[in-house]
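Both chains are given apart, each in its own frame, so use the hints to dock them into the complex.
One line per chain: the protein sequences are V and R, in this order. To convert, note that position 90 of the first sequence is 90 in the UniProt record's numbering; the numbers rise steadily by one, no gaps. To convert, note that position 197 of the second sequence is 197 in the UniProt record's numbering; the numbers rise steadily by one, no gaps.
The set of hints was computed from the structure by calculation and includes no laboratory data. Nothing here was measured: the structure is a model prediction, and the numbers come from that model. Careful, some of the hints might be misleading.
With a straight-line Cα cutoff of 25 Å, these simulated DSS-like cross-link-like pairs (lysine-lysine) come out [as the list claims (entries may be wrong)]:
hint, chain 1, residue 1, chain 2, residue 2
1, R, 163, V, 117
2, V, 28, R, 222
3, V, 28, V, 321
4, R, 289, V, 44
Distance ranges between label pairs, derived from CB positions [to be verified]:
hint, chain 1, residue 1, chain 2, residue 2, range
5, R, 33, V, 195, 51 to 61 Å
6, V, 193, R, 308, 52 to 62 Å
7, R, 163, V, 337, 25 to 35 Å
8, V, 298, R, 169, 42 to 52 Å
9, V, 341, R, 169, 33 to 43 Å
10, R, 301, V, 59, 22 to 32 Å
Ideal Cβ positions, reconstructed from N, Cα and C, are used throughout, including at glycine.
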Amino acid sequence: MALRIAAIVALGLSAAWTTGAMAQETVKVGLILPYSGPFADAAKQLEAGVTLYIQKHGDEVAGKKIELIRKDTGGPNADVARRLAQELVVRDQVDILAGFALTPEAVGVAEIATEAKKLTVLMNAATSSIIDLSPYMVRTSVTIPQVNYALGKWAVEEAGVKQAYTLVSDYGPGHDAESSFAKGFTEAGGTILGADRTPVANPDFSAYVQRVKDSNPEAVYIFVPGGAQPAAIGKALADRGLSPPDTKIFAQGELTHPEALESMGETARGVITTFHYTLERDDPLNKEFVDGYHAANNGRSPDLFSIGGYDGMHLIYEALKKTNGDASGDALIEAAKGMSWDSPRGPMSIDPETRDVVQTVYIREVQEVDGKLQNVVIHEIPEVKDPLHGAAK
Amino acid sequence: MTHNQTSAIVESPARWIRSRNRWTIFEILFWIATLAPLYFFPAYLNLASQVAITALFALSVDLVLGYAGIITLGHAMFFGLGAFTAGILSSRYGWGEPISGLLLGGMVAALAGYVTSFLIVRVQHLALIMVTLGLGLLTFELANSLRWLTGGTDGLTGISTWKIFGYFRFDLWGYTSYAYSLAVLFLGFLICRLVVSSSFGLALRGIRENVQRMPAIGSDYKWHLRKVYTISAAIAGIAGALLTQTTNTVTLEVLSFQRSADVVVMLILGGTGRLYGAIIGAVIFLVAKDQLAGINPQYWFLWIGILLMAVVLFMPKGILGGLSRLIRRED
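One chain only, chain R, in its complex shape (with noise of 0.2 Å):
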């Protein structure tokens, strides 16, 4: 940081966070691409659906992986229990209104989110991983055992999303699921953006970067983990609200492992601390299995793989991180 720049801070830090989070002409190019594929490729909308649907995954992981330092394994406990909210109102109580739907998963995943947040504060490094892996792989077996609810290994039935404002049917081809999926991720990604670009974000790359020296600048940094934990769970139950009613669905893959550790890998993949990163992993991550996968529907794992080990050796920063040193966009 250069002098002058230090000055600017102290003059007005306001001043300060705002200039540093104008919009660039790269992110509005951006937001202009994701609507391509309504016109160009219009056999991939289902695929781009779920895609859009990651990304926001992806993107309430950052926000405690990326910028909070919370490493975890569980965070498919969020994306599930949202899943199973939008689910469950559906199947079992009849209503299956999107809007209302979306919200109440993301609700329902806050409430839980926050809960489990006084836990998630009070450890760190390999205990942090083991106990969002035990809060995930509990969520999962709860879902399994009460079958009467969620069930079971089965799946949920019945599920009938209504049309959204009561106009927009959800077509076979995917239009109306690609068209909200990403009017949801652009919201989410806002917020998103928001909170990065506050005080408060800055606060938690503070704690990212060394938590001890926090209380010593009279930061709570408990109370700022628990918010970015509980507004990540609410995105995270979205997401997952979002793919029950995009699919009419929902099985216990939602809470699974997988799911959990697969996000973790996009975000390494795209680059993890920034926004666009998770974005970009979610992309890159689900095309490529989609195109590996029609090659050979056995080892497209092995792909993904010497993919993964090739970004960490070589763009330690993921893909975006190793682009901007590319083109000298230091950050």
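With the rest of the complex left out, here is chain V (with noise of 0.2 Å):
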């Protein structure tokens, strides 16, 4: 009897909450991301454009209050991220899950966002795989494959370079680049002479360089993560003779992005690298989103992580509005399919099919612009979609 009493005050309870949720004015989104631990600067720069957007559009959008929830995964914790959302269906009633600095959350969450039918925004989890895990998934940041394919081609049909040589960081990420700019590379007539991976946390790179050398290729590729080691790759290569403009060097481009610029000096001259923003980029939308973001935050600049956040940002807005406020997942993810718009990263769509982003890729190069090092767009590369949908061309 006690038994079925409480079976029914929890029905009850479950049903207050459900027509509560029906009442409700307000649109909320959960926002999963790695508030602590070693990756809190991502989860940071991306709050940060997430709320710059908000700032800038209101927190009201179709007649609804947009109203954040923040969840701390504290790392690559997929099930914690699978429960923090759990949570956030069931006790706090979002509408829409977003953030994701990093896969493994996006990969935690895949099957709640299916299994709840919640539009889920992927704001940065780069690894191209993840957006099929669910049909409600949405990617608003950038796949590795998609910019490191797009280099290779570009390598061999502007630049001209017939052969180069790889060298990246041993974990996935790394394996990914590896892969798709070779890919491009050789679909495009080059050949690589060879590919030699790093361990991830390695302060000394001289020896890996000199391998390099000794099979005297027309570029490198190279891909190592953030912090110390832009500089001492960048050391290893200059001392081995291994720069431009004898010598090219490739990289993605977080490689060169402004705080790793200044700890590389002028060892990063002439590297060429490819990313689908790039702050310094001349254009009136991301000047205006780089001022804004400065005055935010302390003259911090915008990074990957931030204009991810923006977009992702964008897209609600945009999707609420086109369904007029109606907040149920399989409306928004049908408003959000082949939705485009100008970003301050460029013009950006999804692609109706893949659900994934499509966008203009940057091949840049580090010159002189008044005396300071910085990242100068050479060439454009419009509408690339991720190239393990087999969209490529």
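Printed below as a string of structure tokens:
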């Protein structure tokens, strides 16, 4: 008997919550990010992008008030991210799940997104395949193959490089970068002379760089995580005489983001990188974004996390406008498919088939501008899709 | 120990052990209380199930750390082995039956525990911490480099756990996962209770208090330690497999140093050398984390740190130790 009463009470409680959710005039967005631990800075930058968008466009859209609920995963914890998503759905009654700086966070949440039918916005997580894990997922950041495949093709077709050597950090993103650069490079007719992998936390690259030098390549492709590594590899390459213009250095954009450029100093000159967002790109939308970001964050510059969060919020706002405030997952994901807009990063859209991001990939070279080294866009490749979805030509 | 007690032990040791280990009313009430989330806090069931899993892991560590005195900072190794075994079974071989996955996870961890126990019994004190820490880090790096098997930094995808007994589906609210985790925790607790209340458990405490004296009274302490280490590894492995099955995900984080360290913090909070200390510690740590991180997602660790210092300073035997001193139930 007591059991039955308890069950009725529980049922009544949940029913009360459900009706409460229907009557609400707010749209709740659950933001799942690694706020504590080694990736806390990424979470901070991403959230700054999100809040800047809300600050600029108001917290009301289609007659509904946007409410953020923040949850901390503490790092690449798939199980914690999953539980947080479950709690956001059953306890906080959120309408939209967003954030995800790290791939495992998105992996953990995929099943919940599908079962609860919630729009799930990947604002960073960059492993290509995760978008396939749930039909309610949409990505507003970048995928590693997207930018590196494009760079590989460009290196052969536009820069005339015939053979190259790859040197990447020995972990997931490094492997993805290595294979997608090689794919683009060889498909365009180039030859990979050799591929080496370095430990993730590697302070000294000289032995690896010597091996690269022995095979005398026209170009080296490198991929290392941020922090102390860009400076270390820059120095090792310069010491061995592997530097532009004699040998071309290719990399993904993080290698020469503003803080890394400072630590690399002169060794960064002439490095060619590929990325979806360039802080210094001359564009009125970008200028407005960067100025607003500086003002709101004590002069700190936005990075890839910030722009992912900013555009993710844009997608949520525009989707809600299209559905007239209907926040159900099915309505929102339909609204998101095929959406296109002008972002501070340049024109971008959501592929209606894969729900993945389609955008301009920028090839940049580190050059001196007004006495300061910075990334200068030397080539733009419009409407690049993720090559692993068979969309590449 | 009074004169009466001593004579009771001499007359019938078995009866003395039994008399010390009767179920008390507190214990029965405690286990009834664990059912409360199912009826009163349905929105917290997913947290409750994670607490139950962590409590089972904490129990396994308490067996070696609290009872046998093996200070370990690498027990996540066994947790992770169990978690990856269950995950790989489902993701790579398509076998998602939960009970068998749980047992296999426990067996793989037990095997690893048995093999490493030969190393563990050779060292003590600081060297012991270093060896357990080193083994934990090695396992982490091994899993990282076996990307084809473990998914590397991205973690394993495509795990799907079948219905329990072909009937109970894992639901979004977490009714099934909590009931399942709680049942496994209770079974694990019964095993631990059996271990610590047996003569074998007494021998372990003897080793903890004075390892030199044990050979003198004819006790093969190395064999005892190997046995308890293997049992503990098996339970940790089962806890890991449970996490995989209730969340359908595994990442390298299950093997991380953080997990090994957190569980020691839980034991210190709850009180080492008491089975309920392990459970209470896990409850306090995770509930505090959930509530504090809800208030401020960036700095919740600060409060855990302050709580830990307060407990160590004012209740050196942990929260449960402090409580039992308060109500004068010395043991």
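A quick look at each hint next to the structure:
{"no.": "1", "hint": "R/163 to V/117", "result": "holds (21 Å)"}
{"no.": "2", "hint": "V/28 to R/222", "result": "violated (57 Å)"}
{"no.": "3", "hint": "V/28 to V/321", "result": "holds (15 Å)"}
{"no.": "4", "hint": "R/289 to V/44", "result": "holds (19 Å)"}
{"no.": "5", "hint": "R/33 to V/195: 51 to 61 Å", "result": "holds (58 Å)"}
{"no.": "6", "hint": "V/193 to R/308: 52 to 62 Å", "result": "holds (54 Å)"}
{"no.": "7", "hint": "R/163 to V/337: 25 to 35 Å", "result": "holds (33 Å)"}
{"no.": "8", "hint": "V/298 to R/169: 42 to 52 Å", "result": "holds (50 Å)"}
{"no.": "9", "hint": "V/341 to R/169: 33 to 43 Å", "result": "holds (40 Å)"}
{"no.": "10", "hint": "R/301 to V/59: 22 to 32 Å", "result": "holds (30 Å)"}
Of the numbered hints listed earlier, the single one contradicted by the structure is hint 2.
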